[in-house]
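Peer 1: So the chains spell out like this:
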Amino acid sequence: MWEYTDKVKKHFLQPSNVGEIENPDGIGDVGSLSCGDALRLTFKLDENEKIIDAKVKTFGCASAIASGSALTEMMIGKTVTEAEEISNQQIADYLGGLPKEKMHCSVMGQEALEKAIACYRGTTIEEKEGELVCECFGVTDLEIIRAVQENNLKTIEEVTNFTKAGGGCERCHGDIAKILLEVQHQPQPEEKQPQLSNIQKMRLIEETIEREIRPSLQLDGGDIELIDIIGNRVIVATRGACSACKSAPITLKNLVEAKLREFVSPDLVVEEVSK
Amino acid sequence: MKPVYVDNNATTRVAPEVFAAMEPYFCEMYGNPSSMHSVGGTIGPKLKAARKQVADLIGAQPDEIIFTSCGTESDNTAVHAALTADPARRHIVTSRVEHPAIGSLAGSLSKQGYRITEIPVDGDGCLDMKLLEESLTPDTALTSIMWANNETGVIFPVEKIAAMCRQRGITFHTDAVQAVGKIPINLALSHIDMLSLSGHKLHAPKGVGALYVRKGTKFSPFMIGGHQEKGRRAGTENVPGIIALGKACELAGANLEKENTIVKSLRDRLESELIRLIPEAKVNGTVKARTPNTSNISFANIEGESILLMLNEFGICASSGSACTSGSLEPSHVMRAMGVPFTMAHGSIRFSLSIYNTEEDIERIIKELPPIVKRLRELSPFT
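These protein sequences, in sequence, are chains A and B.
So the first sequence is numbered by my numbering: it starts at 1 and just counts up by one.
So the second sequence is numbered by my numbering: it starts at 1001 and just counts up by one.
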C-alpha cells in the first residue's frame, strides 16, 4: 500500500474545488483515459488578472485527485503571473510529499495549469512538441528533457516516476538513457567566477607567473616581469633571452596569456610594455 | 470496525484449527526430523501424516508430494525439473495470463535461448485451445498452464491440455495455487505431471507450499543440499508450516462443498447486486468456468486505486488490476491480454471471498460501493 501523507488522504477523500466553471477564463486538459489519469482545470479571473475561482475534475488515483485539489487551493488568490510560477515540486510539497512513483501526478497538475494559462492568453502550447519517445504513454523527448532538467533526474526510473515515460513496454529505455546522458553532459550554465578584488587578482597573477610560466621561460634563459595590471590588461616586460627573441610575442600569447587565462581569469589580455 | 476481507486470492486468514495444529511445533516439538533423538525423532511421523493430508486433497500419493517454501518455489522447481530432464528440447508453451512466478520465469528463460509460446486468451479470459494444440512440437520440453487465474478466477481445461501433452510426450505442469481447495481435483484421474500449490491461499500461513510430481516423472532438484524430501528438495523442513499445510488441506477438503455452495452464493449475490445497482459495470472473465470465490468487475471511467482507498475507509479490503495499485503504470497483464478496454481496465476490482465471509460482509459492500463509484464519477472529467 502506498504511504500517503495525511494531507494527501484529506485532499483525496475531501477534495477542494471539484467541478467545472462555466464560461471560464482559462481551461486546461491533460492526460487521457488510456494513460490512467487525466485532469481538467478551469479558472475565473477578476479585472486585475487575479484568480478568484478555480475548479478541477480528476480521473485517477488518490494522488492525482489530491494533486488537482491542492493545485486549485494554491492558485486561488494569485495573479496569473504569480500562478505561473507554481511548480510540480511545490504541488507535491503542499501535500506533504508524494511517493516517488507518484510524482507524475503533480507534474500533471502543473501541466494543466500551464495549459489553462496559455488558453487564457490565447497562446497555445504546441500539442506534443518534439519527437515521440515513449509510445505507451505518448511522451516526447522535449517533455523528458524538461523533467530531467527541472527536477535534476538521474535515472530511467526517476524519469518514469515523473513523466511515465518508459513505464510500459520498456522498449524506449535505451532512448531515455541517451537523453539522460545528453542532458547530463550539456555544458552547465557557467558558474559565475567569484569576483576577485584587485589585490587578489594581482597576487594570483604573480603566483601563476612564478609557478606556471617562469620555470619554462628560464629553461631557455629568458624571463618576464610583471609591470602593471589595468582592468583585464596584464602588462609585462620581457627579460633575458626573451627580450631579444623574435618569437617573444608568440610566447606571450601561447604560454603567458594562456596560463593566466586558465589559472586566473578567462578575460585577461597580456601586453608587452612598450620598450 | 471489523474489516470485510474480500482479498483472499492475495492471501487468507490462517484458520484457527490450523494455527492450533502448528503451535506446538515452535516451543515444544521443535526438533529437527533428521535428528537421532526423541525430540527430533517424533517429528517424522507427523510430517508423514501432513504429506498424506495434502495428497488426499488432490488425489495424489503421499510420496508424490514435495514440500517447498511457496508457490513460486514450486513453479520454479517444476520448470527447472522439466528442462533439465530433456535438455535437447528448447521450447516452452505457457499462457499470457500466468502469475509472474511462471510469466517472469519464462521471460528470463527466453533470454537464455529458450523459445517461449504464450497462448493468448479471448475477451472472456478463455485460452485459445486450437492454437495451444498447434503449438505443441517435438521440441517442446514443457507446457505450463495455470489451473485457475488469480485475477478473474477463470478455470482453464488443464486436464484436457495434460492429455494432449501426454500423447505427444511433453511434460505438463500446472500452477494450481488458486484452484486447490476451491474446486475438486483428482490427479489420479488426470495426466498432469506436476502441480504447484501454496499454503497461504488456503488458510495455512505464508512460507509453505508443495509441488506434486507424478510418480515416474523425470525430476532433478532445484534446491541442492541435504537429503530432505528424499533428496528432491534440500533444506531443513519448515515443520510448523508443513503441519499447518497438512491441516489446512484437510480442512479445505471438508469445506470444498461449502466453498461451492455457500461461498459461491455469496459471491453471486455480490456480483449480481453490484451489476444491478451500478451503471456501466461489467464482469471480467467467463461466468461459465470460474472459481466459486472470485468476482472481477470493471467500473467504467474511474480508477481502481481510488475505489480501493475509498472502500478501505469503510473497512472493505479488495484489490484491483489497475495500474496505480501495483506501482506499474499499465493495467494488469491479465486485463490487457483479455483486451479489456482502458476505460474499463483501470477501474477493475477483484473481490475474492472465503468461507469466513458472511452475508453481512456482502451487504456492507453492496451498500457502500455504489455511492463510491458515483462520487468518483462526479470527480472524473470523463462523465
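The set of hints was computed from the structure by calculation and includes no laboratory data.
Mixed in with the good hints there might be a few duds.
In silico DSSO-like cross-links for lysine-lysine, where the CA-CA straight-line distance does not exceed 27 angstroms [claimed, not checked]:
#1 K1367/B to K10/A
#2 K178/A to K1160/B
#3 K55/A to K1215/B
#4 K7/A to K1002/B
#5 K9/A to K1367/B
#6 K1230/B to K9/A
#7 K1160/B to K1264/B
#8 K1002/B to K1230/B
#9 K7/A to K1374/B
#10 K1052/B to K1282/B
#11 K1160/B to K1046/B
#12 K50/A to K100/A
#13 K1258/B to K9/A
#14 K1002/B to K10/A
#15 K1258/B to K10/A
The model shown is predicted, which means the values in this text are computed figures rather than measured ones.
Peer 1: Going through the earlier hints one by one, which of them does the structure break, listed in rising order?
Peer 2: 2, 3, 6, 8, 10, 11, 12, 13 and 15
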